[in-house]
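*Asks:* Single-letter residue listing:
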Amino acid sequence: MAPFETAPDHSPAPLMKLGHCLFVLVPGNLRDAAARELHDAVAARLAKEQGIRGLVIDVSALSIVDSYAARVLDETAHVARSFGSKTVLVGLHPEVAVTLVELGIDLTGLETALNLERALAKLKLRIVSEDGDGPGP
Amino acid sequence: MALVRDAVADVLRNTSLVPVAARSIVTTLPSSAGGEVGSLDVVAGHDLLRYLAVGLRVFSSAPQPALLEELHRCLTGGQGFKPANRVLTVTSDHHVVTAQETAHAMLRGLFKPTDCIRVVTAVSELARNIYLYAQTGEVRLTMAEEPDWSLLFQVVAQDRGPGIPNLDEILSGSYRSKTGLGKGLLGARTLLDGLDIKTGPGGTTIKGFKKSRPPDLSRNP
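Sequence lines, in order, name chains X and E. Quick note on numbering that gives the first Met the number 0: the first sequence kicks off at 0 and runs consecutively. Quick note on numbering that gives the first Met the number 0: the second sequence kicks off at 0 and runs consecutively.
Read the hints as simulated data drawn from the structure, not as lab findings. A hint or two may mislead.
[Claimed, not checked] Partner residues aside, some chain E positions facing chain X, computed with beta carbon under 8 Å:
(1) Ser23
(2) Val95
(3) Gln99
(4) Val119
(5) Glu124
(6) Val155
(7) Gln157
(8) Lys182
(9) Leu185
(10) Gly193
Keep in mind it's a predicted model, so treat the numbers as computed, not measured. A virtual CB, placed ideally from N, CA and C, is assigned to each residue, including glycine.
With the hints as constraints, model all of the structure from the sequences given.
*Replies:* Below, the structure written as structure tokens:
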């Protein structure tokens with residue numbers, strides 16, 4: 000693995016690796032093309048990096064999640080699963096959750112958590128401390 | 000500077016109400032009644048009207064519709080709600096976001112937060128269908144006040160695309176398109192109070208509406 004991650008992500012959002020976890024912050028006002036790029040960037044990153052066991056997607060900036068955005072999120076979770084990672088959504092607005100249910104959207108591939116701490120708990124991951132519990136397989 | 004409270008007192012003084020009753024109603028008005036005439040937004044106006052209806056019931060007989068209507072006029076400074084009207088051209092995914100933002104700005108503060116998101120999501124679905132299936136079209140958003148003081152939000156999505164050949168299948172919920180958007184139209188129908196779809200080879204016109212709940216004049220605030 001390269002010492003520096005210099006390869007451009009072509010991602011509209013920063014992808015941050017934290018131990019065995021990849022953290023994605025979805026920007027607000029997400030265009031369809033940007034959602035698609037985000038999906039591709041996550042897939043590329045998961046393919047490149049070994050040992051990522053959990054994907055945490057922060058959707059708190061999204062005040063609207065319509066059927067398209069929901070489908071891209073669902074597909075991202077599917078891709079993550081094929082790389083052996085579990086996906087947890089954090090920061091889903093309650094109004095958005097209600098709307099998704101009424102839209103008849105099935106997000107069974109996704110878990111949701113109230114915050115990052117609970118997301119990590121669901122992924123059975125914890126933030127690495129200085130006692131040498133380093134990342135990597 | 001004319002205050003809402005004074006305007007209400009004036010209206011009540013010229014009715015058949017006993018002066019003591021009229022005074023009591025004005026005294027028990029919430030503090031927002033201290034604002035200038037025309038300064039209240041529609042929601043605050045509706046809330047105040049609800050207080051007035053309760054006051055009328057408590058201090059006199061049942062609320063009289065004509066009197067409430069006059070009070071509503073004086074609360075809004077005689078101007079009533081200023082209708083809003085936006086027309087958006089949709090040719091790309093960028094315009095879907097614009098439609099979301101425009102609808103949200105029109106609804107914010109006037110509809111309940113959950114209803115806001117429901118309606119904005121429905122608008123988003125309709126706008127996206129235009130650029131995905133007809134490439135170009137137009138979304139018209141309007142907000143107007145109804146005679147019962149509720150607000151009516153309407154969305155009209157119009158295009159000259161190829162039309163929706165399998166509309167019945169989509170609306171029955173049995174259809175799953177490759178793009179997963181069969182859900183969009185069905186979802187928009189669920190999220191709004193009504194959705195009317197006219198489609199043919201010459202294009203598609205979809206009209207949807209959502210009403211804010213009118214002030215409930217029969218319950219205590």
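*Asks:* Give a verdict on every hint.
*Replies:* Here is how each hint holds up against the structure:
A hinted interface residue such as Ser23/E counts as satisfied when its beta carbon comes closer than 8 Å to some beta carbon of chain X; here the least separation is about 39 Å, so the hint is violated. The closest approach between the C-beta of Val95/E and any C-beta of chain X is roughly 7 Å, which is under the 8 Å cut-off, so the hint is satisfied. Contact between Gln99/E and chain X, as hinted, is supported at the beta carbon level, the nearest pair being about 5 Å apart and thus within 8 Å. At a threshold of 8 Å, the smallest CB-CB gap from Val119/E to chain X is about 5 Å, leaving the interface hint in force.
For Glu124/E, the shortest C-beta to C-beta distance to chain X is roughly 6 Å, which falls under 8 Å, so the interface hint holds. For Val155/E, the interface hint is violated, the least distance from its beta-carbon to any beta-carbon of chain X being 18 Å, above 8 Å. Interface hint status for Gln157/E: violated, as the beta-carbon distance to the closest one in chain X is roughly 19 Å, over 8 Å. Look at Lys182/E: its Cβ gets to within about 5 Å of chain X, closer than 8 Å, so that hint holds up.
Annotation: interface hint on Leu185/E holds; nearest CB of chain X at approximately 7 Å, less than 8 Å. Below 8 Å, beta-carbon pairs count as interface contacts, and Gly193/E has none with chain X, the closest being about 15 Å; its hint is therefore violated.
Hints 1, 6, 7, 10 from the earlier list are contradicted by this structure; the remaining hints agree with it.
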